[in-house]
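As you go down the protein sequences, you meet chains Y and C in turn. Mapped onto the working numbering, the consecutive letters of the first sequence carry residue numbers 75 to 370. Mapped onto the working numbering, the consecutive letters of the second sequence carry residue numbers 4 to 335.
Please keep in mind that the hints were generated in silico from the structure rather than gathered at the bench. Among the hints, erroneous ones may be present.
To be clear about the criterion: a stretch of chain C counts as covered by chain Y if any three or more of its residues have a C-beta under 8 Å from a C-beta of chain Y, and this derived list gives those stretches [said to hold, decoys possible]:
#, region
1, 66-73
2, 84-90
3, 113-126
4, 262-275
Think about it this way: if two alpha-carbon atoms lie no more than 20 Å apart in a straight line, the pair counts; the simulated EDC-like pairs of lysine to aspartate or glutamate are [to be verified]:
#, chain 1, residue 1, chain 2, residue 2
5, Y, Lys171, Y, Asp186
6, C, Lys177, Y, Asp186
7, C, Lys61, Y, Asp212
8, Y, Lys244, C, Glu69
9, Y, Lys244, C, Asp65
10, C, Lys60, C, Asp40
11, Y, Lys175, C, Asp116
12, C, Lys60, Y, Asp212
13, Y, Lys309, C, Asp116
14, C, Lys177, Y, Glu93
15, Y, Lys244, C, Asp49
16, C, Lys41, Y, Asp212
17, Y, Lys339, Y, Glu93
18, Y, Lys219, Y, Glu93
Cβ pair distances, simulated, as ranges [as the list claims (entries may be wrong)]:
#, chain 1, residue 1, chain 2, residue 2, range
19, Y, Asp343, C, Asp133, 54 to 62 Å
20, C, Pro150, Y, Thr298, 42 to 50 Å
21, Y, His246, C, Arg38, 48 to 56 Å
22, Y, Arg275, C, Pro150, 35 to 43 Å
23, Y, Arg328, C, Val148, 38 to 46 Å
24, Y, His246, C, Lys14, 46 to 54 Å
25, Y, Ile268, C, Glu315, 47 to 55 Å
26, C, Gln306, Y, Arg328, 35 to 43 Å
27, C, Gln306, Y, Ala347, 37 to 45 Å
28, Y, Glu136, C, Glu255, 24 to 32 Å
29, C, Gly277, Y, His246, 37 to 45 Å
All C-beta atoms, glycine included, are put in the ideal place defined by N, C-alpha and C.
The primary structure of each chain is shown beneath.
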Amino acid sequence: MITDEKIQFVAEKAQAIRESIIEMLIAAGSGHTAGPLGMADIFSLLYFHTLKHDPKNPAWAERDRLVLSNGHICPVQYATMAHAGYFPVEELKTLRKFGSKLQGHPHREYLDSVEVSSGPLGSGLGQAVGMAIAERMDNGVTSPKFFYALLSDGEHDCGVMWEAAMLAGKQHLHNLIAIVDRNNIQIDGITEDIMPLEPLRAKWEAFNWHVQEVDGHNLRALDTAIGEAKSVNAKPSVIIAHTVPGKGIPEIERDYRWHGDPPGKGPTDKIPADKQGEVFLHELRTLRGKIVGEHE
Amino acid sequence: MLNEKLKLHPKIFDDAPEAQPLRAGFGEGLVEAARADKNVVGLCADLTVSTRMDAFKKEFPDRFVEMGVAEQNLAVTASGMAAMGKVPFITSYAMFSPGRNWEQIRTTICYNDRPVKIVGSHAGISVGPDGGTHQAIEDMAIMRVIPRMVVIAPCDSNEAKKATIAMAKSDFAKFPTYLRLAREKTPLMTTLETPFEIGKAYELWRGDNPQVAFIGCGPVLHNTLKAAKKLSEEGIGSVVLNVHTVKPLDEEAIVALAKEVGAVVTVEEHQIAGGFGSAVSEALAAHHPVPCEFIGMHDAFGQSGKPEELIEHYGMGTSHIIDAARRVIGRK
């Protein structure tokens, strides 16, 4: 059970993470905007409440593992990790720059506190499955570690993802928890136009997973769903988190055209390019109180 | 003359040399490697018996994962297991792994720096009757271009066994590695006493006053040795270098030999473009260019047939190797 104070704390962190995302994308001049903003609440909850981890000792062997499959939303992971103390927040401004720890898509060689390098879609789930299988070989089904795989909805188009889903069901990996960022957009448009995923719930159920659907911005509901996922016996769990891409900035919310562009290079029909960064940061700061209050 | 120091197989030049499939040596080596290290695990994509992972599965059922026909996830899952400290060996036919799962190997294994051992069986056109779909003749090219990847193409079953053990425990254990195997029984050239070290080329044959160097890998080295013997009977001396490790290449041995002999024939059961011969010529072009001829598949697919028929048809027979030697000597 998560306390009211903790929800307030996690929600405040999520807003700080959103501001960092916009700041780092402005500094980088390229990168993805909508997806990272939409996942800020989930990342904040995971790093500030759910995960067993130690930012000062990232290699701690007993930590839970978080595998980010859709590496293009890494600005949210980098911002969250910085706010959690893995590295200085100031370093976020090096995103996508030469020699930076913060590669355009995560690379373990540059930032060894991410569990995997990612970018090419579809491969995160299988890596989390492999980790969970290896853990069970070593420590049996009573291992206290959990393995979290963060997936996009668009990458459900990839065949390899379903290969991994099938294997996880076969292996009864009860300590594997996938969280799907169901934001309904991908680069070319709306997921249901590009390659329909529905009925998504039924698909996962058919692969022998325990399935829950939640509002991906409601921290209490998310926490409850993660708690239920942890208690499921003999099945892997998936939480389909319905999120709003671009969450927190009305001009970006639900607009797939903001999938792959940074502020300053996005659609100009609502805000001119040269004003985008400034307006978005202002909106995040003024809307802060409203958004923080949405988690009941 | 055969190199006595290497304790090569006594029946190499018999009419019916002793023969074993490369995959058999791998199967034995894997069991030994697994006995020595509890972190060695095996994953297979629905080809456990034919890739000879069955003996490992029988002895270590709890360390074996059946993946089904899912080669992309074969690579990805192994990467995840390696992240937890395992040393995964993954097997399928080379056409499917690394043929079908190249990007997953690049990203989740090599880019991620995970010591996964990719074992591709049924490589080369000597797969025979199954036909062109199942004859992997591009695998060394696509594996050697990936940073960090070690590529090994053993010449016989004994070498495959030693390579398998070395991949799991030598200085190279921490690297992702591709091991190329073949289906059919092929002649034993080495014995279990023959030395083996990843990255080190071995001179199998040296004639008097050598005029040409054969530099090769894999079972076609047997035809190469027969060619060297025949040439020596005609008074043409040669050297046969077994370069089982395609990457990292033993450039020192290759360049020294090219300097000494002045003409090279590379031999492989693989496409010429991008493969072993290309690797050798990259080294020679950079350090000591000499005339080269290339034995292998010349931008063609294979077809059904008996292995020996196909080897002859596509120009990898003993007579072709002899002809290539004559041509390259003429170009000096």
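Tested hints:
{"no.": "1", "hint": "66-73", "verdict": "holds (count 5)"}
{"no.": "2", "hint": "84-90", "verdict": "holds (count 6)"}
{"no.": "3", "hint": "113-126", "verdict": "holds (count 3)"}
{"no.": "4", "hint": "262-275", "verdict": "violated (count 0)"}
{"no.": "5", "hint": "Y:Lys171 with Y:Asp186", "verdict": "holds, 17 Å"}
{"no.": "6", "hint": "C:Lys177 with Y:Asp186", "verdict": "holds, 17 Å"}
{"no.": "7", "hint": "C:Lys61 with Y:Asp212", "verdict": "holds, 19 Å"}
{"no.": "8", "hint": "Y:Lys244 with C:Glu69", "verdict": "holds, 10 Å"}
{"no.": "9", "hint": "Y:Lys244 with C:Asp65", "verdict": "holds, 15 Å"}
{"no.": "10", "hint": "C:Lys60 with C:Asp40", "verdict": "holds, 15 Å"}
{"no.": "11", "hint": "Y:Lys175 with C:Asp116", "verdict": "holds, 16 Å"}
{"no.": "12", "hint": "C:Lys60 with Y:Asp212", "verdict": "holds, 17 Å"}
{"no.": "13", "hint": "Y:Lys309 with C:Asp116", "verdict": "violated, 30 Å"}
{"no.": "14", "hint": "C:Lys177 with Y:Glu93", "verdict": "violated, 41 Å"}
{"no.": "15", "hint": "Y:Lys244 with C:Asp49", "verdict": "holds, 15 Å"}
{"no.": "16", "hint": "C:Lys41 with Y:Asp212", "verdict": "holds, 10 Å"}
{"no.": "17", "hint": "Y:Lys339 with Y:Glu93", "verdict": "holds, 17 Å"}
{"no.": "18", "hint": "Y:Lys219 with Y:Glu93", "verdict": "violated, 32 Å"}
{"no.": "19", "hint": "Y:Asp343 with C:Asp133: 54 to 62 Å", "verdict": "holds, 58 Å"}
{"no.": "20", "hint": "C:Pro150 with Y:Thr298: 42 to 50 Å", "verdict": "holds, 45 Å"}
{"no.": "21", "hint": "Y:His246 with C:Arg38: 48 to 56 Å", "verdict": "violated, 28 Å"}
{"no.": "22", "hint": "Y:Arg275 with C:Pro150: 35 to 43 Å", "verdict": "holds, 41 Å"}
{"no.": "23", "hint": "Y:Arg328 with C:Val148: 38 to 46 Å", "verdict": "holds, 42 Å"}
{"no.": "24", "hint": "Y:His246 with C:Lys14: 46 to 54 Å", "verdict": "holds, 51 Å"}
{"no.": "25", "hint": "Y:Ile268 with C:Glu315: 47 to 55 Å", "verdict": "holds, 51 Å"}
{"no.": "26", "hint": "C:Gln306 with Y:Arg328: 35 to 43 Å", "verdict": "violated, 55 Å"}
{"no.": "27", "hint": "C:Gln306 with Y:Ala347: 37 to 45 Å", "verdict": "violated, 58 Å"}
{"no.": "28", "hint": "Y:Glu136 with C:Glu255: 24 to 32 Å", "verdict": "violated, 46 Å"}
{"no.": "29", "hint": "C:Gly277 with Y:His246: 37 to 45 Å", "verdict": "holds, 43 Å"}
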